[in-house]
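Taken in order, these protein sequences are the chains called A and B.
Residues 1 to 586 (our numbering) make up the first sequence, in order.
Residues 1 to 278 (our numbering) make up the second sequence, in order.
Simulated from the structure, these hints should not be mistaken for lab results.
Check each hint, because a few of them may be wrong.
Heads up, simulated DSBU-like pairs for lysine-lysine below, C-alpha to C-alpha not over 30 Å straight-line [said to hold, decoys possible]: (1) B/Lys98 <-> B/Lys173; (2) B/Lys173 <-> A/Lys163; (3) B/Lys98 <-> A/Lys446; (4) B/Lys98 <-> A/Lys405; (5) B/Lys173 <-> A/Lys446; (6) B/Lys173 <-> A/Lys336; (7) A/Lys405 <-> A/Lys320.
Away from chain A, derived, C-beta distances all over 10 Å, residues of chain B [as the list claims (entries may be wrong)]: (8) Leu166; (9) Lys173; (10) Asp235; (11) Trp239; (12) Leu249.
Idealized CB from N, CA, C, for every residue including glycine.
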Amino acid sequence: MTNYPDKRVWKNPPPLRRGGFCLSFQSHGQSVNFQETDPQAVLGESRSAPLLTVDSLDIVRGGSRLVHGVSLTLGAGKVLGLVGESGSGKSLTALAIMGLLPPGMSQAGSIRLQGERLSALSDSQLCALRGRRVGMVFQEPMSALNPVMTIGAQVAETLRCHKVGRREAEARADEVLTQVGLPRDRIARDRYPHELSGGQRQRVAIAAAIAMKPHLLIADEPTTALDATTQLQILDLLRSLVAEMGMGLLLISHDLTLVAGMADRVAVMQQGEIIEQGAPAPLFRSPRLPYTRALIAATSPAVARPIAEAASRPPLLEAKSIICDYRLRRPSLFAKRPVFRALDNVSLSIGVGESVGLVGESGSGKSTLVRILLGLARPQAGEVRIGGEAFSTARSADRRRLRRKIQVVFQDPFGSFDPRWRVEQLVAEPFALLDRMPTPAARRAKIEALLQEVGLAPEDADRYPHEFSGGQRQRIAIARALIIDPALVVLDEATSALDRSVKAQILTLLGTLSARYGLSYLLVSHDLDTVRRITDRVLVMQHGRIVESGPTQQIFEAPEQAYTKSLLAVSLGLESVLSQRFGGLA
Amino acid sequence: MTGAKRDRSLALGIGISTALVAVVLLSFVWMPYDPTAMDIPHRLLPPCFAHPFGTDPYGRDVLSIVMAGSRTTLYVALSASVLGFGVGVPLGLIAGVKGGLIDDAVMRSSDIVFAFPSLLIAVLIAAIGGAGLVSTVAAIGIFNIPVFARVARAGARGVWQRDFVLAAQVSAKTDGRIAIEHVLPNIAGLLLVQGAIQFSVAIIAEAGLSYVGLGIQPPQPSWGRMLDQAQTMLDFAPWLAVFPGAAILVTVFGFNVLGDGLRNRLDPRRELPSRELS
C-alpha cells in the first residue's frame with residue numbers, strides 16, 4: 001500500500017478518481033483491519049467494479065417483505081436518484097446499505113461496495129466502513145446533530161471515531177466546514193447547532209458525513225426540511241462535492257423535480273420494488289408505467305386561480321405598520337442586549353373570502369407575523385384590526401370576541417394535538433372562546449357534522465390523535481379551526497408535512513370549504529406550488545419586510561424582485577429542469 | 001432492558017409498596033403484642049416462636065414495634081411527598097410557563113433550599129418548633145419542594161413548546177387553564193416517577209433524623225430510632241438492629257424499584273427505537 005503521511009492526505013488529496021484515492025485513504029490509520037487482512041481482493045476489484053452494486057435485495061420483517069428484489073448500481077462521481085412515495089422502501093434500502101436496519105428486520109441478496117460484499121463483514125468492520133467509506137445525510141439536521149456539542153467538535157468527533165489525532169481532526173473539521181460553505185470567520189467553530197439556521201445545520205451534517213472523504217454518500221431527503229432557497233444551495237453544494245471529490249451520491253427523495261435536476265440515473269420505487277429505472281430525461285418524459293406517470297402528473301405546475309376583484313372586498317383583517325423586535329441574549333455580562341428586528345413596518349390586508357399567500361424563507365419573519373396576527377404576541381408598534389376593530393390593543397373581552405374570527409391550522413400534524421385528549425375534546429377546544437358553551441349534545445352534533453364535512457367519520461370523535469395518519473390529523477386540525485365558524489383561517493405550513501397525493505386532497509378540501517363558507521385563508525408556506533394552487537394574492541417576505549406583493553398569477557409569471565425570482569427558481573416545473581439540463585424535447 | 005424485565009421490576013415495586021400499606025392497615029386492627037407494653041421478665045429474647053423478631057431491653061415485642069413503626073414511616077413519607085408535590089409542582093408549573101423573572105426567582109430559591117442539607121433544615125425546624133412528627137414532616141417536605149419544582153418546570157417547558165399549546169392560546173385559554181388542562185396531564189408520568197423516588201428518599205430521611213434524635217420522639221415508634229437504641233446492644237442483641245434495618249432496606253428498595261418500573265413504563269424514550277420509515 002502507498003503510505004502517504006497523514007497530513008499530506010488531508011492537505012493535498014491525490015487525484016480523486018477511483019483507485020489512487022482509495023489507496024491513499026485506506027492506508028491512513030491502523031484500525032482499517034479489513035483492508036489489511038485481504039488487501040488484494042479489495043484493491044484488485046475496486047478498479048473495475050462499480051462503486052456500489054445492490055443485487056436483488058430483500059428486506060423482511062416478520063412474514064412481510066418490505067423491500068423486494070431491489071437491484072441498483074452506482075459508479076464513482078455519479079448521482080443515483082431513488083424516488084417514490086413514503087412507505088415505498090427507499091429509506092430501508094439506504095439503511096440496509098449502511099448495515100443499519102432496525103432490529104427485527106433481516107435482509108437477503110447482496111450489497112457490494114467497491115466489489116466487496118458487505119454481508120461478509122463483521123460488525124466492527126461494518127462500523128469502520130460507516131463514515132470512512134460511506135457517509136449519510138439525514139432529513140432533519142437538528143436531530144442528526146448532538147445539541148450539546150459545538151459544530152467544530154461535532155465534525156471532529158466523526159474523525160476521532162476513526163482514530164484520527166485530536167489536533168488533526170480539528171484542523172480537518174475546520175477545513176471541511178469551510179468546504180461546505182461555513183468559513184471560520186462567518187461561523188465560529190464553537191457555536192452550537194441551535195444557533196444555526198436549518199440550512200447551516202444541514203451543511204454541518206454534510207460536513208460530518210464527508211469529513212472522512214467517503215466514496216459513497218447517501219442523502220435521505222436532504223432538503224425536505226429546508227425552505228426553497230436553502231434547498232437550492234444545499235443541492236448545489238452536494239453537486240459540487242460529488243464533482244470535486246468523485247464521490248458516488250445516492251439521493252433519496254420524493255421530489256421528482258429535485259431528482260431530475262441532480263441525478264444521472266433514476267430508480268422509481270413502489271411498494272418495496274423498483275418498477276422503473278433509467279436516465280432522467282427519457283424516464284420522466286416518457287414513463288412506461290402508470291404509477292410513474294401519476295407521480296409525474298402530481299408535479300405539473302399548478303394553474304393559478306383567476307384573478308379576483310380584490311378592490312371590491314371589504315377588508316377582514318388589516319395589519320398596519322407592524323414592528324416587532326426581539327431582544328437577544330447578552331453577548332457578555334455587562335453588554336446591552338442586542339435587538340433583532342423581526343418585523344419592520346409590515347402592512348397587509350386580507351379581504352372577506354380572499355386567499356392570500358405569505359412566502360419567504362425561514363427567518364424572514366413569517367412566523368412572527370402569524371403570531372401577531374393570531375394575537376399570541378404583541379407588536380412594539382403598529383396595529384392589527386379585525387373587521388375594522390382594533391385587535392392587538394383591545395381589552396381582553398373584546399380580544400376574545402375578535403379571536404373567534406381567526407383560527408389556525410399548524411404545520412406539524414403530530415405536535416398540534418394533545419396526545420392525551422380525544423378528538424372530540426380537541427375539536428371542541430375553541431368553544432372556550434364562546435361566551436356560553438353549547439350543551440354537550442349540541443356540541444357533539446356539531447363536531448360529528450364537521451368531522452364528516454372534512455372527510456372523517458362521526459365515530460372518530462371518540463378516538464385519540466395517534467390513531468390517525470398525518471393527512472387525517474390535518475383534517476382534524478381543520479375541523480378544530482372551523483368549529484366556531486371563523487372568517488379567516490391561517491394555514492401555517494399546513495400541508496408541508498404531507499405526501500403529495502394527501503396534500504392534493506387537503507387542498508381540494510380547503511377549496512371546497514372556502515367556497516361553501518366564504519372563508520378567507522392566509523396561507524403561510526415555503527411550498528410555492530401550494531401557494532399557486534389556492535391563493536388570489538401573494539406577499540413575499542424577506543428580512544422582516546414585505547418586499548413584493550400582487551396577484552398570484554402576476555407574481556409567478558412576472559416577478560419583479562430578484563429575491564422573488566430566486567424563490568421561484570426552486571419551484572420550476574419538471575420539464576423546465578429537464579430542458580435546462582438535457583436540452584429541449586427532440 | 002427487555003419488556004419482561006421492566007414489568008418484573010414494576011411488579012416487584014408494586015408488591016413491596018402494597019405490602020407496606022397492608023402492614024400499616026393490619027397494625028391498626030391487630031398486632032401480636034401491644035408495642036408499648038413492657039414485660040421485663042422476657043427482655044432481650046432472641047427471635048423465637050412467641051416473638052418472631054425477638055424482644056427489646058424492656059421486653060417489648062420487636063415485631064409489634066416494627067409494625068407500629070411502619071405507620072410512622074408511611075405517614076411521614078406520604079405527608080412529606082404530598083407537601084413537596086403540592087407546593088413544588090405549582091411553583092414549577094408557574095416557572096416553566098411564565099419564564100423570565102418569575103422563573104429565575106423560583107429556580108434560584110430552589111437552589112438555595114437545595115444548598116442546605118436536609119439535616120440542617122431539620123435542626124433549624126427542631127430548634128424553632130421542637131423535634132417531633134410535624135417538624136420531621138416539615139423538614140423533609142421542604143426539602144422535597146425544589147425537587148418537584150424542578151421536575152415540573154422542566155416538563156412544563158417541554159410541553160409548552162408544542163403546537164397544541166398554541167392552539168389552546170388561539171382559543172383564548174389562559175396560561176393557568178392550559179397548564180392544568182394540557183401541561184399537567186402530559187407531565188403526570190414524570191411527577192409520578194419522581195413521587196415514588198421522593199417517597200423512598202423520605203423514608204431514609206425520616207430514619208436518619210430519628211436516628212440522630214431530631215425526628216420522631218418517644219413513645220412514638222420509629223424504625224430509625226429503633227436503630228439508634230439498638231446500636232449499644234449490637235453485640236448481644238443483633239436482632240434489635242437487624243429487623244428495623246431490614247424493614248427500611250426493603251421498603252426503600254421497593255419504592256426505588258417502583259419508580260424505575262414506572263419510568264420505564266411511562267417514558268416512551270426508553271422503548272426500542274421505532275424509526276419512521278419512508
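Consistency of the hints with the structure:
1. B/Lys98 <-> B/Lys173: 15 Å, holds
2. B/Lys173 <-> A/Lys163: Distance of about 55 Å is beyond 30 Å: violated.
3. B/Lys98 <-> A/Lys446: 35 Å, violated
4. B/Lys98 <-> A/Lys405: Measuring from Cα to Cα gives roughly 27 Å; hence the hint holds.
5. B/Lys173 <-> A/Lys446: 21 Å, holds
6. B/Lys173 <-> A/Lys336: 35 Å, violated
7. A/Lys405 <-> A/Lys320: 18 Å, holds
8. Leu166: The assertion about B/Leu166 is violated, with a minimum of 7 Å to chain A.
9. Lys173: About 5 Å separates B/Lys173 from the closest Cβ of chain A, which leaves it inside 10 Å; violated.
10. Asp235: Label holds. Min Cβ-Cβ 54 Å, cutoff 10 Å.
11. Trp239: Correct as stated: the minimum Cβ-Cβ distance to chain A is 50 Å, above 10 Å.
12. Leu249: For B/Leu249, whose nearest Cβ neighbour in chain A is about 37 Å away, the distance exceeds 10 Å, so it holds.
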